[in-house]
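Sequence positions in the sequence shown follow our numbering and run 1 to 178.
It is worth saying that the hints were derived from the structure and are not from the lab. Be aware that a few hints might be false.
[Said to hold, decoys possible] Lysine to aspartate or glutamate pairs mimicking EDC-like chemistry, simulated, CA-CA at most 20 angstroms apart: (1) 92 to 79; (2) 176 to 153; (3) 109 to 27; (4) 159 to 144.
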Amino acid sequence: MKIKLNPKMYYKLINHGPCCLITSGNENIKNVAPIAWVTPLNDDPPLVVICVSSTHYTAELINKYKEFVINVPSVNLIEEIKLAGKISGRKKNKFEMLKLTVEEGVEVKTVHIKECIGFIEAKLVDKKEYDGVILFVGKVVHCEVEKDVFDGENLVPEKAKTIHHVGGNKFFVSSKII
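Let the sequences and hints guide you as you build the complete structure.
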């Protein structure tokens, strides 16, 4: 038997992609925020979309510097993800608070996070605002992944152990390919 959901809860059925740590800014101004609404848009050219609240510091920095980095954490960073979502980077250095190691971008000025299993550098090519959120479209200009969690074609869930947000303060971890 199925139960009826409020249409405002539709995303609870499909929003369990990896929760990512989005870094924004440049070499001097840095911010990190957990974002669960991340999706591929195209593979040729490689485009990715992130959805960010229009009032968040992350949106301000992406609008200003025209780039962002999607960092893919594994389960060992769950507490950092939870804490990063509770504080603003406008007044506090979240990298120091969370004890995350900053590494310079390869093709962008925005930093990435060493402790994450992979990262995707993107340059802003488009954006669209909807009732308090902004969809940022980025062209992927560089990406890397730890070799022990990637089989040459895909992430290996048993090794990558990516974190998936299902709502509120609830998450699950990927376990295996079937």
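Now for the hints, and whether the structure bears them out:
no. : hint       : verdict
1   : 92 to 79   : holds, 17 angstroms
2   : 176 to 153 : holds, 15 angstroms
3   : 109 to 27  : holds, 6 angstroms
4   : 159 to 144 : holds, 16 angstroms
Comparing the model with each earlier hint shows no violations; every hint is respected.
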